[in-house]
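J.: Listed below are the residues making up each chain.
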Amino acid sequence: KQEVTQIPAALSVPEGENLVLNCSFTDSAIYNLQWFRQDPGKGLTSLLLIQSSQREQTSGRLNASLDKSSGRSTLYIAASQPGDSATYLCAPSGSRLTFGEGTQLTVNP
Amino acid sequence: ETGVTQTPRHLVMGMTNKKSLKCEQHLGHNAMYWYKQSAKKPLELMFVYSLEERVENNSVPSRFSPECPNSSHLFLHLHTLQPEDSALYLCASSQDAVEGGSYNEQFFGPGTRLTVL
Chain A
1 KQEVTQIPAA LSVPEGENLV LNCSFTDSAI YNLQWFRQDP GKGLTSLLLI
51 QSSQREQTSG RLNASLDKSS GRSTLYIAAS QPGDSATYLC APSGSRLTFG
101 EGTQLTVNP
Chain B
1 ETGVTQTPRH LVMGMTNKKS LKCEQHLGHN AMYWYKQSAK KPLELMFVYS
51 LEERVENNSV PSRFSPECPN SSHLFLHLHT LQPEDSALYL CASSQDAVEG
101 GSYNEQFFGP GTRLTVL
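Top to bottom, those sequences are chains A and B. When we follow the working numbering, the leftmost residue of the first sequence carries the number 1, and every step to the right adds one. When we follow the working numbering, the leftmost residue of the second sequence carries the number 1, and every step to the right adds one.
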């Protein structure tokens, strides 16, 4: 059974910092991995999807990497802004998406 | 309307009530999903529908009954729920429900916050 761990559980940074969110998973037999953000009490917004054959995927200030063999993915956020404050979830996909508990990010003005 | 919509956004019900949650996707997708998100727990997959056929049921109690009348609509019928069923219920859709490939990138609705008294 796939298990997903996200570290740190919570992170508070001043505006403008570059930061890294970590995700590890136990079963490397995945097809892709998706990163989402979730605002309090809201649904999930898809940020990036990385195919298992890819190493990186970029969208604006976001860059996600995937090391499938070691069961790790990172989400890099450049020049963080208060609007980035949310919970970030990673979800590797084997037969289905499996979610971690997320990293709660607060970016302070 | 765009993306995935869910109604109602908030629902309070007693344990003897019967209610339904509705999800609609405007993305032309063939697969739809129900997830449950409880406080302090990761999202749990409940049901998967592909082309209106249920392809997965993750040991969900029978007091939750899904219905998919067409590929754009998904319902979750609720009856005799328990207080521990209080949670955020999220609907998602993807191009297909097959394993692998970019087609199973999932797009989520805003959720229904359910409170069972």
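Hints in this document: simulated from the structure, not taken from any laboratory. No experiment lies behind these values; they were computed from the predicted model shown. All residues carry an ideal CB built from backbone N, CA and C; glycine is no exception. Accuracy of the hints is not assured; some may be wrong.
Unchecked claim - Below are the DSS-like pairs computed for lysine-lysine, each with C-alpha atoms no more than 25 Å apart in a straight line:
id: 1; chain 1: A; residue 1: 42; chain 2: B; residue 2: 40
id: 2; chain 1: B; residue 1: 41; chain 2: B; residue 2: 22
id: 3; chain 1: B; residue 1: 40; chain 2: A; residue 2: 1
To be verified - Residues from chain A that keep clear of chain B, each with C-beta distances beyond 10 Å, as calculated:
id: 4; residue: 28
id: 5; residue: 44
id: 6; residue: 96
J.: Hints first: check each against the structure and report whether it holds.
T.: Hints versus structure:
1. A:42 with B:40: holds, 15 Å
2. B:41 with B:22: holds, 23 Å
3. B:40 with A:1: Distance of about 20 Å is within 25 Å: holds.
4. 28: holds, 14 Å
5. 44: At about 4 Å from chain B, residue 44 (chain A) fails to clear the 10 Å cut-off, so the statement is violated.
6. 96: At roughly 6 Å from the nearest Cβ of chain B, residue 96 (chain A) sits no farther out than 10 Å, so the non-interface label is violated.
Comparing the model with each earlier hint shows violations of hints 5 and 6; every other hint is respected.
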